[in-house]
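Participant: Make the full structure from the sequences, and use the hints.
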Amino acid sequence: MIKGRGFFVTATDTGVGKTRITAGLARALSSHGYRVGVIKPVQSGHLREDPAGDGMLLKVWSGTPDFIEEIVPYSWSAPVAPGLAAELEGESVDRAGLVNRIENQAEKWDVLLIEGAGGWFVPMGEGWSIADLAEEIGWPLLIVARPGLGTVNHTALTSEAIRTRGLEPAGVILNGLKQGDSSPDLPHNPRFIEEVAQVPVLGTIPWKDQEPTSLCLQEEILTHVQLDGLIKRLEDERIWRGGKG
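Every number in our numbering is 156 more than the matching position in the sequence shown, counting from 1.
For the record, the hints were derived by calculation from the structure and aren't laboratory data. Mixed in with the good hints there might be a few duds.
Said to hold, decoys possible - Calculated cross-link-like contacts (lysine-lysine; reagent style DSSO-like; alpha-carbon spacing at most 30 Å): (1) Lys159 - Lys388; (2) Lys364 - Lys334; (3) Lys334 - Lys264; (4) Lys388 - Lys264.
Facilitator: Set out below in structure tokens:
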């Protein structure tokens, strides 16, 4: 486990909304008095300086003063898994160096939120994946999932895969509930996720068509997500000393 404290934000798939949730959590925790940093260790589909890329959105939405090079250590333009994007450019990720950079960021802040890339087993290079990176960091995981049909299975599989690494899924945030969606499973999915995956569902974020602002993302988290449990975990020293919460 690296030094510092925070959460690793993963998802059941790509495009589920990790960046929005991570930025909103950063703002919400900041409103509770924490100094919160953010990092997206690898990014593909956009170079780090691209305003439309996750890293720049994370920087702008979270309000962090960190340089984009600190937030996104590696980036490639190809819209494929990071490991393949690096391979196509004739590059590779320095695994030990990346973990060291994450730890350096963690030491700067009260809380660091680490946003993964895609889902749990996204390739990072030959023989390793996002799951291996999260295992080296050793922090609790937050899972971002869709609210609709199939989410119980996807979330339970992700949770089980996390536990096989000796890690703990700290909670699930369902993102993108569309107003007027009358699918009969929607009211019941949080309950079934908690029963099947044995992970608390911390909240459900409604779908928004418009481009969000930092304040909007903060209010979404403060209004729709139960932060008390996450804050309690941040204050539980047993977790950050290698014990079990």
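Participant: Given the hint that lysine 388 pairs with lysine 264, does the C-alpha gap stay at or below 30 Å?
Facilitator: 21 Å, holds
Participant: Between lysine 159 and lysine 388, is the straight-line Cα distance small enough, at 30 Å or below?
Facilitator: Roughly 18 Å separates the two Cα atoms, so the pair holds.
Participant: Starting from lysine 334, check that the Cα of lysine 264 is at most 30 Å away, please.
Facilitator: Answer violated: lysine 334 to lysine 264 is near 38 Å, above 30 Å.
Participant: For the pair supplied as a hint, lysine 364 and lysine 334, confirm whether the alpha-carbon distance does not exceed 30 Å.
Facilitator: At roughly 8 Å apart (the allowed maximum being 30 Å), lysine 334 and lysine 364 satisfy the hint.
When the structure is compared with the earlier hints, a violation turns up for hint 3 alone.
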